[in-house]
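Join the two chains, each given in its own frame, into one complex according to the hints.
First to last, the sequence lines map onto chains A and B. Residue 52 in the UniProt record's numbering is what sits at position 52 of the first sequence, and the numbering runs on without skipping anything. Residue 105 in the UniProt record's numbering is what sits at position 105 of the second sequence, and the numbering runs on without skipping anything.
To be clear, the hints were calculated from the coordinates, so they are not data collected in a lab.
With a cut-off of at most 27 Å between alpha-carbon atoms, the simulated DSS-like pairs for lysine-lysine come out as follows:
(1) 151(B) / 43(B)
(2) 16(A) / 306(B)
(3) 163(A) / 308(B)
(4) 308(B) / 80(A)
(5) 119(A) / 306(B)
(6) 116(A) / 306(B)
(7) 224(B) / 43(B)
(8) 306(B) / 165(A)
(9) 119(A) / 308(B)
(10) 120(A) / 138(A)
(11) 308(B) / 116(A)
(12) 306(B) / 75(A)
(13) 120(A) / 308(B)
(14) 124(A) / 308(B)
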Amino acid sequence: MGKTIIDAHNVSKTYKETMVPVKALQDVHLHIEEGEFVALVGPSGSGKSTLLNMIGGLDEPTSGTVFVDGVEITKLSENKMIDFRLQNIGFVFQSFNLIPVLTSRENIGFVLQLQKVPKKDREKRVLELLREVGLEEKVNSRPGELSGGQQQRVAVARALASKPKIILADEPTANLDSKSAGNLMDIMAKLNQEEKITFLFSTHDQRVIEKARRVITLVDGKVDSDVVQTPT
Amino acid sequence: MLVQIAWRNIWRNKTRSFVVIGSIVIGLWASVFILAFAWGLYKNNIDESVNRQLSHIQIHHPEFTNQQESKYVIKNSDSILSILQKEDLVQAASARSITQGMITSPTTVAGVTIYGISPKAEIKQIGLNENLIEGDYFASGKGNEIFIGEKLTKKLKIKLRSKVVVTFTDIHSNIVSAAFRVGGIYKSKNLSLDEVNVYVQKQSLDKLLDLQPSESNELAILLKDEAALESYKSGVQQLVPSGKVEDWKDLSPHLEMVIESFNLYTYIITGIILLALTFGIVNTMLMSVLERIRELGMLMAIGFNKRKIFSMIMLETFFLTLIGCPLGLFIGWLSILILGTYGINIAIFSEGLASYGFSSIIYPELDNQIYWIVAIMCLITALLSAIYPAYRALQLNPAESIRKI
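Chain B on its own, in the form it takes in the complex (with noise of 0.2 Å):
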């Protein structure tokens, strides 16, 4: 009888029970796609991240993380790589020499971290043929073709086929200067990188460093599946066991910090959304009380105790929340699943994103747990919003209560 009469009350001022309702709607609905925005804002990033930078693993020197020096190899590096590319988990692996310099084009000169690289292994990592705007991806199959960033040609003031000098310092720290031509401008998501990572053959860039073909400084891994990433690493770590094997996570730590701190935002922003929405539903159930102090004045002389009509006002809450929550619910995960299909296009902010590494179109993506955490959290924070309402309605006095006009 409870059930029946809560449920029959909230019906009784249609209107009302329907703003309270619409509020719900729209919270639920305002807190999952911010969520699935920010997550498909930071999930792209990652991704760019992982599959065009870090790649899942990388193998180096144990002193050359910290020294950054070319003559810290790996050996054998190319007998490593022929077995890694072997293996059923690996969708990619390449191997690469690296060595920080100058650059000096006709008018100016910028410090630049130099990468030699495999053209047809880097296809599947780098990925520097996508992200070409002029020029061909090794096409001339010379060696003194190098691909420069968009944003340090202009710096450099250069264009495609400008010939410029890098200079920088071999394995035995002699000074080395060579001279390479534009074969490519690339503009990848990540335009800070875009300005000081080049890409040479690397085969070239191992004569200048004085590199055997056998050694490099980096080898990179891409799985197929992240999910085996922890399990891979350790094998890589025994295949070779005097090199310093590092996930994505470990060589990039920020990107971790922005999964773990995504966890927070959702509670933030949920919070938020919530403490709103809370101030709406102790206004309509506090105003439902009161307008009702005769009747439940009446309710209690004739049996009801307090528990029940304690009950009886959590019980209406709770049904306008379970009419809300699913319909919230289910036009944020519509929502999400049009956008997350066909993009969200921020090009009018792209510029300012695409220096931290951002694409310009986003594509909403929500995890599942996160609409139960959010339908849970809406859910409390009905139930603790009705709590005062009814308290108020426990302080009533039967006999003052009808007489009341």
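Chain A on its own, in the form it takes in the complex (with noise of 0.2 Å):
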């Protein structure tokens, strides 16, 4: 058995904010080890980007716990996750992921400059990050000169910069076509194996979650099931 990187105990979250409250997760348990390549996948309000926001620390849950890398996160006070996020945590969202005046490069360098990584490591490290995605070229382009699955694979090496143990995903191929989809993917898929970054995605996109190597279905805040499959 591998590490624990995401332990996730009676997690609840009920949204009180409307006239009906609304128990968008209700006692989550989640185990989850490190370099494993987990879709999280059910429908609609199913809960699956309340949980990613639980483990990623941006959302606190109304009861249970949640431990990324044996730290109590929902403990940990705002100041004190986003440093720990910054260090051990990279996002990929569906939609808005880059800051729109700043180049490819800039992009990347922000989250290694937030770590106070000195310019010569981080524009070293940059170039690195975008070959892997393949967007070598595209260094000084900014968000609104690459195309939808660019800017994705600008998101996944931003995330990757931080060196992160963990990547969690929001739908990161709900905005992109068949083709940019598969291409993110396999990029995301090849990370994993070879620098054993666990990720956690969700989607509804059943291409994707024959990727994956595990499946866990959410549905009504609850886990449905959780499947260990081989990756097509």
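Shown next, in the form of structure tokens:
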């Protein structure tokens, strides 16, 4: 058995802002080991994004605890959580992933700069990452000059920049055509294989689900099934 | 990186940024120009009062100021005057006899202050010669010439060469009457004074008052440089220890009040204009925050803490102000320079303004220090205006922000 990287116990989240409280997550237990490549699937409103937000420390559970790499993140202060996220968790969102006014190089370098990486090392790492996602020729392009798929690849490169233990991706292929989606998933799978980075991504896309080695299905905020599969 | 992002962010929506910069430019231009116009107006009034009426320093008998009676004189004023006239700091000095009396025309009568002046010495001070609209300045050499303001001639229904009788009490409290002929009609920039001040030769008035040639009621000193006023004033006091030495601020406290109140106006006028600017900045920056909610959420998710988010919004406002501020001040300075040279003719209001001693041509002028005050006030206003939008950004929850459509 590998090292546990994500450990969620009895995680519940209820949104009380509406007239009728919405139970987004109900007593979710989740255990993910280092280096796993996990798809989080389920219908809209099943709690996929909410669970990713809880694991990423972007939101707090109403009850339950979340451990990431042995740290109980639900107990961290806001500033410590930001710092923890910066060092340990990479994010890829569905859209609006990149800072529109910065080039690919700057978007990736931005995270490294937050980590106070020296300029020389930063430049080297940025070029390495762009090469890994096949976009070294787009180093000086701003997001507006890139296609949706290219933007997501830069987002993956940026998520990798801080050498995180986990990358959380919320429907990363939702806005991409099938070719770009396949391309992105191949890059993510390769990074998972080669760099042993744990990937947890939510998706609706069957072709993306097939790439995962483990598929967790959420229904009405509960884990409905948890299946290990051989990726195609 | 923070500076870079903030700088580039302001150019994402160029139209909006130019609207904010434009508001700052217009706001600052309006502030400095209104202040320069007001100061031009007041300064003209102050200069006129000091140079043409009061002079920088006046010396009287201590009782004269209260009683306004001609019997309170400065002894040996002729020798004091000759000392003063030789001083390097003095531009001009003159001796005056003064009495209150009545002037009678064939049709009516009016109360006046009669000044006995030395025509030559007063050219640089009262400047009656420059204000004459009819007649010549003591050209006849006769001692019975009287110079009257245009407004008073209308009131008395008299004209040039008309005969008038002036009645007053001499230093022994005897009533004295004397006939004078109007030698000139003047119109100064202060119509209220034109209605009450009449001028005759000092020699003539002294005889009527029974004053000695060496005696005067008033010694007026105009300095070359006002900066020397305080130190010179104490020197004059030593020269005339028994006299009451007053500067123009003592003689006309309202003028000093005008200067002091101008500083207050600076803050009030600038404050009002900048208040209007505040709403513009709050509105624009709030829009800028609200349309970037997802992006701000993403920034927080990838490691941008709230302090950095706050700083970014403040920096964006700072940059907009930094562009607008010098531009507004420059345009303000340029318009003040041009209009300060050629003047603004407000003749349409001149009759009303002249009643209060204001000129009809205003030369806007502004102290350099005021530019700095306005600029600093603008910068502070802009940064304060950005606090609310920045605070709204801080209230964002990254998870909710990212989900926002």
